[in-house]
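Those protein sequences? They're chains A and B, same order as listed. All letters in the first sequence, in the order written, are residues 1 to 426 by the working numbering. All letters in the second sequence, in the order written, are residues 1 to 304 by the working numbering.
Hints are supplied without guarantee of correctness; some may be wrong.
Unchecked claim - Quick list of in silico lysine to aspartate or glutamate cross-link-like pairs, EDC-like style, CA-CA up to 20 Å: (1) B:Lys6 with A:Glu225; (2) B:Lys6 with A:Asp11; (3) B:Lys179 with A:Glu414; (4) B:Lys6 with A:Glu217; (5) B:Lys6 with A:Glu262.
It is worth saying that the hints were derived from the structure and are not from the lab.
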Amino acid sequence: MSALEHIPEIDNGLLRFLTCGSVDDGKSTLIGRLLFDTKTILADTLNAIEKTSAKRGMSAVDLSLLTDGLQAEREQGITIDVAYRYFSTGRRKYIIADAPGHEQYTRNMVTAASTANLAIILIDARKGVLTQTRRHSYLASLVGIPHLLVAVNKMDLVDYDQAVFERIKADYLAFAARLGIKDVRFIPISALEGDMIVDRGERLGWYDGPTLLDILENAPAAHTEQAEDFRFPVQFVCRPQDSANPELHDYRGFMGRVESGEIAVGDAVTVLPSGATSRVKRIELGGEHLPRAIHEQSVTLLLEDEIDISRGDLIVKAAEAPEPVKQIDATVCWLSETPLSPARTYLVRHTTREVKAKLARIDYRLDVNTLEQEATTGLAMNDIARISLKLAQPIVADRYQDNRATGAFIIIDESTNNTVGAGMIG
Amino acid sequence: MSTLTKQTLSHLDWLEAEAIHILREVAGQCANPVLLFSGGKDSICLLRLAEKAFRPGRFPFPLMHIDTGHNYKEVTDFRDKRAAELGERLIVRSVEDSMARGTVVLKHAGESRNKHQSVTLLEAIEEFGFDACIGGARRDEEKARAKERIMSFRDEFGQWDPKNQRPELWNLYNARSHKGENIRAFPISNWTELDVWQYIQREQLELPSIYFAHTRPVVRKAGLLQPVTELTPAKDGDVVEDVLVRFRTVGDITCTAPVESDADTVEKILAETATTTITERGATRMDDQTSEASMEQRKKEGYF
Ligand SMILES: Nc1nc2c(ncn2[C@@H]2O[C@H](COP(=O)(O)OP(=O)(O)O)[C@@H](O)[C@H]2O)c(=O)[nH]1
Ligand SMILES: [Mg+2]
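Work out the full structure: start from the sequences and follow the hints.
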């Protein structure tokens, strides 16, 4: 039973998406509604939130209590960190990242967006497109989320009026064009009443598009529909020489995940940064031999020739090899409360490689509300900026817009080991 | 450019690939990790994932169980058997030893030892100098877990600080720690109870017998079925019934309740799980019902 052979027909894979919007636009209510209407919420959980709702003097069950998980959040009644939720429709499994909307939490939104393939951007029908809507849309496109779904929520509070929806849609399209956002869809909903989420409801008859869940069920699960170059960062080298089995004496397995593209037995490969070349002799997964491996699959590669390969090296197809570089230009989001120090040396983790890095220059900081560029000499938490970094050793990278896995990096402060920055090359 | 509908992994293959990737990152980044193996279904899945990640090599970590001394014999026997079959090293450290050392002091003899596992775990981490503990916790189990990172940092006292977690972006995990601190790594964070059962079925994983329907004396109390055992005898006035039950989670005898069920195969359990109306912890854990925030509290104190 190989991993590629037992895909059941109804299994539409797994979709990771993100919900964003300003405070009170209804993110938590929407997620609660999705979980509730797909029957993911179980009786005891509902019981607990009913009790809490009553304690706070609310008459209806507050579905947002489902996602606001930490004690501090429950006390303040706001979402302070990214929470992950799961539901499944039988056709597809979903992972939702609930990102908070406050300005000071840009870093959480970037974090949640980094693993998402679709973003739902909520707009309160009474308020229309706000500064925050623009900011969230910009961040979603910056992190390269390929599909945006603008959900105009609280339609019940504007009498389900089509004109309100159309006006918001026109406003949004006007600025989306400037951001270069291509794949964007619009849907009117009421998260509270459940209109157009899983069921169509009775009150939005003028809207003839699919429900929100239908859109999710049919969105492409892959990050990109384009063919991508093969990228295989080596995580671990398996050399079981000491094993009692003499057949394993010369076994050298290069373990990792196919970050993009695909590979088949017999393909010519190059190992970077050394440049050594060979061919794929075998592809293994848990003792089975596979004819090929596709993106996101974790496998072990065995090569025909004995070459020295270790963790941090990148295996690519011979014809698709990027150049090693010692300086990178990137857009970064600063994540730490401790500002960036231009004098210090940091650690950059890129794929499975870690290199020391120093700031070469900051081109500008971006005002995420106006998208204006500002001159700056330092970076504080939540700043987004264009910078250049000098590296102690070369890395083999792609532009982020061409390849999410080999174009992304994180910055680590060695004194605390904290992750202090996130970067996108290009 | 032509667009094509790309072949993508099924959801179980995706979850498996992600977990293998996480296990290999722990092995690649940490000097001395350990995998926490209790004999329960989640850690049984972890072992299969570790086989897929590292065979034909040995696991680059030993297995460890923190034994409260109050575990079902079926489970500890299974634990020992499974470790032996795999040919991997199993370390067992027990809460009773911590009690003998005086580092665990029970409020009363009958108090559940479950939360005291934290102390024994921290002692074992120090004894062996582990810099990472791989665990089978899932984010769907509990609200506080829903926000925990896949690589979750613990300070010298084993404490989790939920408001000050390391941002975790893409699949660039940061498992670095200084001496004395450590990382808890959760490869199946993104799995649900249903995913676990589907994986058990697909991989045909063997489980301790008490996961399947069997007849057991129980007392109905506070909406739960409390098993009647030597450790938890019936009290005066209790009505003891023989009921067909199975365990959804296996933990300390004093705080794990079975559910009424006639599911005696993985297929029947799967069918039940898909249509169940109560969460895993809600139906089975007496320790989580105390307050809505009790898991968060225990995690802050160094619990798994
Ligand atoms: N009338 C109405 N109220 C809504 C709707 N969606 C959310 N709300 C309410 O708006 C408030 C904020 O919702 P919440 O989900 O917590 O917003 P969040 O801050 O984006 O997570 C709550 O009182 C909700 O009940 C809707 O569709 N209609
Ligand atoms: Mg919220």
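Now for the hints, and whether the structure bears them out:
1. B:Lys6 with A:Glu225: holds (6 Å)
2. B:Lys6 with A:Asp11: holds (14 Å)
3. B:Lys179 with A:Glu414: holds (13 Å)
4. B:Lys6 with A:Glu217: holds (16 Å)
5. B:Lys6 with A:Glu262: holds (11 Å)
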